[in-house]
Structure formats: structure tokens, C-alpha cells
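Protein chains: 2
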Amino acid sequence: MEAQNDKKTNRTEISELGEFGIIDRLTKNFELRHASSLKGVGDDCAVIATGKGKAMLISTDLLIEGIHFDLSYHPLKHLGYKAVVASISDLYAMNARPSQITVSIAVSNRFSAEALDELYDGIWHACDYYEVDLIGGDTSASEKGLLISVTAIGEASQKQIVYRNGAKAGDQIIVSGDLGAAYLGLQLLEREKQIFLENPEVQPDLEQETYILRRQLKPEARKEIIDILGELKIKPHSMIDVSDGLSSDILQICTASGMGCRLQESGIPIAKETFERAVKFQIPPLTAALSGGEDYEILFTLSAQDTEKIIKNPLFSVIGEITAQKEGYNLISNSGQVHQLIAQGWNHLNPS
Amino acid sequence: MEAQNDKKTNRTEISELGEFGIIDRLTKNFELRHASSLKGVGDDCAVIATGKGKAMLISTDLLIEGIHFDLSYHPLKHLGYKAVVASISDLYAMNARPSQITVSIAVSNRFSAEALDELYDGIWHACDYYEVDLIGGDTSASEKGLLISVTAIGEASQKQIVYRNGAKAGDQIIVSGDLGAAYLGLQLLEREKQIFLENPEVQPDLEQETYILRRQLKPEARKEIIDILGELKIKPHSMIDVSDGLSSDILQICTASGMGCRLQESGIPIAKETFERAVKFQIPPLTAALSGGEDYEILFTLSAQDTEKIIKNPLFSVIGEITAQKEGYNLISNSGQVHQLIAQGWNHLNPS
Chain C
15 MEAQNDKKTN RTEISELGEF GIIDRLTKNF ELRHASSLKG VGDDCAVIAT
65 GKGKAMLIST DLLIEGIHFD LSYHPLKHLG YKAVVASISD LYAMNARPSQ
115 ITVSIAVSNR FSAEALDELY DGIWHACDYY EVDLIGGDTS ASEKGLLISV
165 TAIGEASQKQ IVYRNGAKAG DQIIVSGDLG AAYLGLQLLE REKQIFLENP
215 EVQPDLEQET YILRRQLKPE ARKEIIDILG ELKIKPHSMI DVSDGLSSDI
265 LQICTASGMG CRLQESGIPI AKETFERAVK FQIPPLTAAL SGGEDYEILF
315 TLSAQDTEKI IKNPLFSVIG EITAQKEGYN LISNSGQVHQ LIAQGWNHLN
365 PS
Chain P
15 MEAQNDKKTN RTEISELGEF GIIDRLTKNF ELRHASSLKG VGDDCAVIAT
65 GKGKAMLIST DLLIEGIHFD LSYHPLKHLG YKAVVASISD LYAMNARPSQ
115 ITVSIAVSNR FSAEALDELY DGIWHACDYY EVDLIGGDTS ASEKGLLISV
165 TAIGEASQKQ IVYRNGAKAG DQIIVSGDLG AAYLGLQLLE REKQIFLENP
215 EVQPDLEQET YILRRQLKPE ARKEIIDILG ELKIKPHSMI DVSDGLSSDI
265 LQICTASGMG CRLQESGIPI AKETFERAVK FQIPPLTAAL SGGEDYEILF
315 TLSAQDTEKI IKNPLFSVIG EITAQKEGYN LISNSGQVHQ LIAQGWNHLN
365 PS
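Quick mapping for you: the protein sequence lines, in order, are chains C and P. If you're matching positions, the first sequence starts at 15 in the numbering used here and goes up one per residue. If you're matching positions, the second sequence starts at 15 in the numbering used here and goes up one per residue.
Hints listed in this document are in silico derivations from the structure and should not be mistaken for laboratory results. All C-beta atoms, glycine included, are put in the ideal place defined by N, C-alpha and C. It is possible that part of the hints are untrue.
Said to hold, decoys possible - Anything over 10 Å on all C-beta distances counts as not near chain C; from chain P, calculated:
1) Thr41
2) Leu46
3) Ser51
4) Ile62
5) Glu79
6) Gln114
7) Gly180
8) Gly184
9) Pro283
10) Ile284
11) Val293
12) Leu329
To be verified - Residues from chain P that face chain C, not an exhaustive set, calculated with beta carbons under 7 Å:
13) Arg25
14) Thr64
15) Thr321
16) Glu322
17) Ile324
18) Ile325
19) Asn327
20) Pro328
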């Protein structure tokens, strides 16, 4: 009658392995036996063949109170919206469109039905804007807090799907929008929470910072990119969304593709408001952009020729180049120094 | 900076609404906009058309420590197996086969990597036996305990899929296997836990009760039924799996179909071991069968003609008949008394 996990001998902490290490360890013995399982663990989505050159893409995300969100500053309506965005972003990140989601929640008795109405109002608005159908889910009690699990589903032609593992030497590395804003938004909210806890009389003046707050509390997914690429008849060689941080995510592309990279600091897009807030917090803006995460921008690699076609669109920035693997993972700073890139993005197995 | 759920005005407790009530309330404003969304919330699985008369079925289940399982007596390996079984059972319950699953877990730092190896060993064995591929998931920290979310996916021809809502007056109600065993297994484990907590020296003698323990700790899904029906060229009018308890699940079929039912106590299958343990615990065996849940048997309704074909197979029992809705939901006891059926199965929003 003893819990299996109480064995004290030969104990390996999950935090020693990290999120990707534990996934590799747990899934390494699993084989794909169905021909329809085109892609298993290891990309933004799993991919299942559905016949006639079509495929279904599926991605699932967990959001857990106290780990991924803090309800003392995250309105439930925005949280519902964000949960959908975080999940469907994985489909856009494979050049596909989401069409359905399932939402499962577990809630403690701290939550009223009215609180859940707010959460589902946000989910409704995201479904409306991104044109996805809520088709199922599960509802349960929890012993503590709120948990949200969203599975996003969409169909695409197999030819159209872009994986992480197709980057080629000489590819230009492109990112949409700008980076680091969601991270600075989180830092600002955490600071305001501390001020409030110490002195509830102080009214925060956050009007100058609506951009970074919005990027944290109610982000959007880049649903327009699949159309832009389609109109230009461009298919990226590799693609991922920036959810864990630029460093971590470009390293995912490089390791999956067996390639290296050379990023240019000068190319990395940072919004004015993000930059200014970083300076006020004495955080190097580049660090926020590299390690911030939760931006839900799209990162992809293109031939030089295709890069020419797309780069007129101000949505995109060229931030570097794919190299041979032996050249490593490098960032060239504005002063010309070469830094080695390390994945120091979000790691929700090591919440700090 | 105040949590939305702290509003004390106009607060409705989730427990007042129940699991099905809260799902109805939260999802009532959602519309299906994609023609491919054949079935949304309200059956064992969601169903998405994939072209050429085919469809993808998707079902998702949450299992939460302290709500759905107790690791003081549930070995992690069996738990992993059961999590897969509970999820894929929903596909068999629509006359479809599962082919893929995704597994997301959230774990506190109480769990070692070796503990998760055990969990995934059980998942592996279930994938092997049921021939499903693990194709994805998410891994996260949790503040407390273990959470497992399994999404099961399978493809079927649209014509073959059986929903809850097709029961017709005069249909015979059939159930596979036997009922109530998983519930008695749970009661036995809970009693042994209490004995152990009061006196750790007492060694339990559970050898006579392996059947009910296995039904609770390592249940199986009824993968053979789709083949049996296929060989006999029988398509049930309605179908569901017995996960919440026979009463609750037959009421799901009746309400979805706009029908009533008349169950016969004499027809309800209860294993000898289940019966004997129920008597020892002074629980009416019929109550365990009606309200137990977690049996993962398949409940379906057939025309009288098709019932003739299938009933030679000892796997199946005829337990009653579908009636007009106005006749209500009734159980005829062995003494001839008429009882009204109420859903008193598991309700994980009201853990007792």
C-alpha cells in the first residue's frame, strides 16, 4: 500500500532532465504502427493521414494555475481566449488552419459557474475570431485550482504541411511581428502584483504599456501568415511558433534539421514599448526577445530566392541564416561579437 | 487585482448544476460553423468529416489524482494502462476503432522520472494491446499531484458510426460483460487502505477478489464488439460505454433519443465475485450494477430482429427495452415492482 513514487533508491528528478529530456525518455520505446501516423511526438502537431493526400493535424496544450497563469491579474475571459490561441498557434506553425478544438477543464470548488461563464466567453470569442468549432471536452473537479487542456484540430493537404526538420544550409531565418513583449508584460504584471500586495492603495498607471500587457494577457495567433505564404506560392523549409522563446525555438528547428544557425542581433525585431520597458527594468531587450516566450509569432526558414519575395512585407524580419551543424548555434551581436545560443526559454518543468 | 471568482454576488456553485448541467451551460452559445463538424459536444466522441464518407472521431478524458485515482493503491503502471482504456473506450462506444492517442501529463516534483517510467510503461502496454500509436502530448509541472489527459483518435466510415440519439421504441437494450465489479473493487481497495492506515501490520488477503480488483485497477475496453457486430452485419441504433454507471448511461441514450426505457432487474449481468463482495459489504448488488461506473462495458440498443442474431453470444445480456418517452425511465425489480431510474452514477464534480 505504498506509493510507487516513494521509492527512494535510484531516483532521478524530472527537473534534471528538463521538459524535452523527459519527453524523449518517456516516449522513446513507442513505435508508430499505423501508416496513417505521419508524424508523432516531436513537432508542433501530430499529423494523421486521412486519405487523398490530406491529413489531420492535432496539437494539445495544458495550462495550469500557478504554473502557467496567475488569476490575480489574468482576467478569466482573457485566459480562455489565450488558451485557445496558444493551442491553435501550433497549427499555424505547420502551415495549416485550425478548424475544431476540444476544451477540458478541471476546477476546484473555489470557482463559481459565473467564473466559468467568463472563461468560456473568452473561449467563445477566440472560436469566433479564428473560426474554429468547439466540439468536445471533459469537465472535472480538481483538488486545487484551475486547469485547462485545449486540443486543436485542423485539416491540410499533406504537401502543404511544414515540419521543423526541413531547414537547409543557406536558408534565411524569418520571424513575424516582434519578440519579447509578452515576457515584459508578465514582468510588469508581477511587479504591479507585488506593489498591490504591499500597498493596496496604490493605483497602477499602466496606460502607456497596453501593448506589452495585451501581448501577455490576450495574445493573438498569426492566422494571416498561411494566406500570405499561399498568395506568394512560398512553402517554407521549416517552421515553428515562438512559444518557448526564440533561442529555444530556433534550436528546435536546428536540431530537428541537423543544422546550425547564425542569428544577427541587428535583425531581431523588438517593439518600441518592449524596448523601453526592458530598459526601465534593467533587462537587456535582446534577452527578453531571445528567452521571453509566449509571443506566438511564427519562425520559419526560406531559400534566399523566396526570402526576396516575402521581405517587402513589413510583418517579417530576416534574423539570420541556417548554417552547417558543425558551425554551431551562434548569435552575432551588434558589436560583432559571436555568442553561443542556449535554450533558456520557458521551461515549465522548472518554474522559477 | 482581484480574482474574478471572488465576486460574492450572484454566485452559482458548480456542484448545484452537476457535470452535465455545467457543460450545457458553458457550451450553449457555441455554434458549429464548419460543415466538417459532424458531431460536437454531447456524445462519447466528437466527429469530424474527412471526405469520401469518412470521419475522424476524437475523445478526451482527464484523470486527476485525488479525484479519479489514489496512488496509495493504484500502481502507476496500471494507472497508465487504465488512462488509455478509459479514453479509447469512447471510440468503441461509437462503433469505431481508435488508432492514435495523445497523452498530456502534469506532475509535481514529488514524482521521479522512474515513477513516470512506470506510468508510461502502462501506457505502452495499452498502446500495444489495443494497437494505437502515441503521437503527441504535453508535459508540464503541477503545483500538486498528477494529472493525465488522454485524447483518443480514430477513423471510421460515417455510415458505421453509432450515436447516442438513435434509440427507437421497441429496441432491445443490450449490455456486454457484467456490471458493478469496478465499483466493488474500489470499495475493497478503500477499505484495505483504511485498515492499513489504522494498522500497517495487517496483511490483506485479496486473492479471492482478483476479478473485482482487476476491473478497478486495470480494466479493459471492449475492442471485440465492433468485430462481432460487423460479422453479424448489425448496426445498433444507439450506443454508449458504461463509464458513469448503467443508470446514468441509459438515461443519456434515452434523453438524447427522446425515448423512455424499461429495464429488467433479472437481465442485469453481475459477476459471482461482484455479487458476493456486495453482499459482504451490505451493498445491494443491483445498486453497484446500476450506479457503479468505470466498467467500460458497451451498452447499445437493437431491433428485436437483430437482437435474435446477437443474443446467442454469451458476452451479451438483454437488460430491457426502449419505450416511448412518456412512459418514463423504469426498472422492473425481480419482485415485479416498478422503480424510477435516476442517474446516481459517478459525478466527479461532486466527489463524495
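Verification of the hints:
1. Thr41: Violated, since 6 Å does not exceed 10 Å.
2. Leu46: Label violated. Min Cβ-Cβ 5 Å, cutoff 10 Å.
3. Ser51: Per Cβ check, Ser51(P) is inside 10 Å of chain C; nearest 4 Å; violated.
4. Ile62: At roughly 6 Å from the nearest Cβ of chain C, Ile62(P) sits no farther out than 10 Å, so the non-interface label is violated.
5. Glu79: Glu79(P) not clear of chain C: closest Cβ-Cβ about 8 Å, inside 10 Å.
6. Gln114: About 6 Å separates Gln114(P) from the closest Cβ of chain C, which leaves it inside 10 Å; violated.
7. Gly180: Nearest chain C Cβ is 19 Å from Gly180(P), so the label holds.
8. Gly184: It holds; Gly184(P) is separated from chain C by about 31 Å at its closest Cβ, greater than 10 Å.
9. Pro283: Consistent with the label, Pro283(P) stays out of reach of chain C, its closest Cβ about 28 Å off (over 10 Å).
10. Ile284: 28 Å, holds
11. Val293: 25 Å, holds
12. Leu329: 27 Å, holds
13. Arg25: 4 Å, holds
14. Thr64: With a closest approach of 4 Å, the Thr64(P) hint holds.
15. Thr321: 31 Å, violated
16. Glu322: Not OK, violated: Glu322(P) not within 7 Å of chain C, min 35 Å.
17. Ile324: 29 Å, violated
18. Ile325: 33 Å, violated
19. Asn327: Where the cut-off is 7 Å and the nearest Cβ of chain C is about 29 Å from Asn327(P), the hint is violated.
20. Pro328: 31 Å, violated
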